[in-house]
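Asks: Here's the letter readout for the chains.
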Amino acid sequence: MPDIQEITVDDLKHLVSERAIQGETVLLNMGPQHPSTHGVLRLLLELDGEIVVNCIPDIGFLHTGVEKNMEAKTYQKAEVMADRLDYLNTVGNTLAFSLAVEKLVDLDVPPRAQTIRVILAELTRFQSHLVWLGTSALDLAAMSMFLYCFREREYILDVMEMCSGQRMMTTYIRPGGLWRDVPVEFEAAVRNILKTFPKRVDEYEALLTRNPLMLDRTYGIGKLTGEECLNFGVTGPMLRASGVKWDLRKDRPYSGYEQYDFKVPTRTEGDVYARYLVRLEEMRQSLKIVQQALDKLPMGPVRSNNHKYVPPPRSEIGVSMEALIHHFKLWTEGFEAPQGAIYSAVESPRGELGVYLESDGGPRPYRIHWRTPSFDNLQSLPLMSKGVLVADLVAIIGSVDIVLGDVDR
Amino acid sequence: MEKNLQPILGMLKKEFGGTASEYRGDVSLVIPSGKIVAACQQVQAQGFELLSALTAVDYWPEESPRFHVIYQFTSVAMNLVLTLRVPVPGINPSLPTISHLYRNANWRERELWDMFGIIFKGHPDLRRILMPADWEGHPLRKDYPLGYEEPQFTFNFEEINLRKPYAKE
Chain A
1 MPDIQEITVD
11 DLKHLVSERA
21 IQGETVLLNM
31 GPQHPSTHGV
41 LRLLLELDGE
51 IVVNCIPDIG
61 FLHTGVEKNM
71 EAKTYQKAEV
81 MADRLDYLNT
91 VGNTLAFSLA
101 VEKLVDLDVP
111 PRAQTIRVIL
121 AELTRFQSHL
131 VWLGTSALDL
141 AAMSMFLYCF
151 REREYILDVM
161 EMCSGQRMMT
171 TYIRPGGLWR
181 DVPVEFEAAV
191 RNILKTFPKR
201 VDEYEALLTR
211 NPLMLDRTYG
221 IGKLTGEECL
231 NFGVTGPMLR
241 ASGVKWDLRK
251 DRPYSGYEQY
261 DFKVPTRTEG
271 DVYARYLVRL
281 EEMRQSLKIV
291 QQALDKLPMG
301 PVRSNNHKYV
311 PPPRSEIGVS
321 MEALIHHFKL
331 WTEGFEAPQG
341 AIYSAVESPR
351 GELGVYLESD
361 GGPRPYRIHW
371 RTPSFDNLQS
381 LPLMSKGVLV
391 ADLVAIIGSV
401 DIVLGDVDR
Chain B
1 MEKNLQPILG
11 MLKKEFGGTA
21 SEYRGDVSLV
31 IPSGKIVAAC
41 QQVQAQGFEL
51 LSALTAVDYW
61 PEESPRFHVI
71 YQFTSVAMNL
81 VLTLRVPVPG
91 INPSLPTISH
101 LYRNANWRER
111 ELWDMFGIIF
121 KGHPDLRRIL
131 MPADWEGHPL
141 RKDYPLGYEE
151 PQFTFNFEEI
161 NLRKPYAKE
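For the protein sequence lines, the chains are A and B, in the order given.
For the first sequence, counting from 1, position 292 maps to 292 in the numbering used here; every step adds exactly one.
For the second sequence, counting from 1, position 59 maps to 59 in the numbering used here; every step adds exactly one.
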């Protein structure tokens with residue numbers, strides 16, 4: 001057995017204050033197995049009584065080498081791993097990957113596929129926010145919110161299962177379109193969600209928004225200004241809660257988002273409460289987008305006809321020699337993407353989810369880098385948590401809405 | 001290319017002597033490694049507030065340059081994106097830090113040190129970030145093997161078990 005190298009305070013003395021080395025303040029581990037760190041985040045806290053003097057996040061416990069693994073697989077096979085990055089925003093990850101590959105090889109997507117992509121991406125945003133609302137309210141000891149949110153989330157996961165056969169790891173969005181068309185029950189199920197969910201969001205607001213305990217725990221805590229957010233690379237609802245109106249769906253639209261009428265909610269306070277309000281309003285706007293998309297859902301194919309990159313439908317394989325050859329080539333050696341490098345980004349529930357993709361002309365990505373929003377959002381935690389109580393730190397971690405699969409990749 | 005980007009690109013090219021290229025609408029500028037801090041300062045002054053991504057590519061077995069470090073900037077105010085690429089040699093790869101300009105570069109440069117072994121001079125806290133502190137090698141380099149776990153069958157169970165690095169109870 002190899003020797004395990006221990007990390008001592010000496011290795012970290014540039015990160016803690018003088019008082020910690022003299023023993024006046026206490027160094028305490030929070031995590032990696034702590035219920036309110038939302039996974040396996042370890043925080044090394046320097047505490048003066050109950051006040052946080054310094055907070056040193058230690059990440060990497062969920063590092064799975066996704067980028068390295070993707071570089072060893074063809075584009076079709078690599079996509080399966082994209083789901084597993086941010087396990088609450090699975091459809092958004094595959095959307096980001098597909099858009100990047102489509103940009104790299106210059107592939108068009110039929111309008112029906114684009115609209116279904118938007119519907120599923122917005123439903124996923126809604127369910128991701130539901131999990132955030134449930135768990136962060138649980139951190140503030142509001143137990144019933146958790147149960148309500150997970151009850152509603154099941155409806156959305158049912159829709160995912162209906163389309164793809166999987167509740168979470170869907171891999172339904174593929175480069176060039178979708179895996180297959182949605183089933184006939186899809187529209188009724190989504191309409192049912194659209195009918196019941198606005199009332200449910202009102203119920204959450206009735207329970208939390210003016211709740212004095214909630215206000216005590218969240219108002220004025222974990223403040224970040226807009227400039228600090230941008231300097232720390234913080235994006236998504238956290239940036240918008242600090243007064244910067246930046247949403248990639250609105251500002252750099254993709255997948256036909258420019259056709260829908262929706263608002264980008266912003267607040268100026270930049271505290272935990274403002275982030276709560278922004279996310280709740282985003283849930284309402286997501287439903288609005290789904291409603292518009294479903295009303296105008298066009299008929300037509302859901303996959304591109306460019307069979308150099310997209311496998312032909314199963315029915316064609318039996319009658320067309322060319323289709324059989326394409327099918328065989330695509331599933332044995334994959335397609336060869338032209339040489340070049342692109343960066344494409346989508347708005348995930350947590351912020352800017354970017355993919356840097358470089359091809360050397362072969363069937364595998366030469367380099368793929370995931371710019372994951374949680375990684376940068378979490379970096380602002382030491383700044384936000386200076387001088388707060390440990391109990392407030394729990395509320396702040398909840399408001400960052402990290403997914404450790406997204407941080408560690 | 002977006003229209004607002006043209007004057008900024010021209011100015012950067014004149015000042016730092018890089019070569020620009022465009023692929024599918026993405027504009028990237030290759031900057032020599034000695035001028036990167038000044039270039040980032042200028043880019044920030046031109047209104048690119050957000051360092052969206054900081055990553056690298058390994059072109060092994062090429063040695064000079066072996067790596068390209070990629071700086072991806074976003075301007076929220078002007079709604080623009082810009083990529084800077086910096087070639088880095090394979091022997092003693094190092095670059096000056098930009099973590100004093102963009103504070104999220106702190107973790108991103110730590111990640112590059114961890115994954116590619118590129119040293120960032122002047123970085124306040126250059127430790128491994130994703131891999132364990134006592135890890136050897138830099139996993140995202142192309143000469144680093146992908147690695148796998150050997151499947152154990154009845155005939156070779158004991159043999160592989162002896163080679164395993166962790167506890168064997």
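Any given hint might turn out to be false.
[Stated by the list, open to error] Far from chain B, by Cβ distances over 12 Å, these chain A residues were calculated:
| id | residue |
| --- | --- |
| 1 | 59 |
| 2 | 62 |
| 3 | 138 |
| 4 | 147 |
| 5 | 158 |
| 6 | 183 |
| 7 | 251 |
| 8 | 312 |
| 9 | 315 |
| 10 | 316 |
| 11 | 343 |
| 12 | 356 |
| 13 | 369 |
| 14 | 388 |
| 15 | 407 |
| 16 | 408 |
[Said to hold, decoys possible] Reference listing, derived: stretches of chain A covered by chain B, where coverage requires no fewer than 3 residues with Cβ under 8 Å from a Cβ of chain B:
| id | region |
| --- | --- |
| 17 | 33 to 40 |
| 18 | 67 to 76 |
| 19 | 119 to 133 |
Hints in this document: simulated from the structure, not taken from any laboratory.
No experiment lies behind these values; they were computed from the predicted model shown.
Using N, Cα and C, we set each Cβ at its ideal position, and we do this for glycine too.
Asks: Quick one: which hint numbers does this structure break? Sort them smallest to largest.
Replies: Of the numbered hints given earlier, those the structure breaks are 1, 2, 7, 11, 12, 13, 15, 16, 17, 19, listed in rising order.
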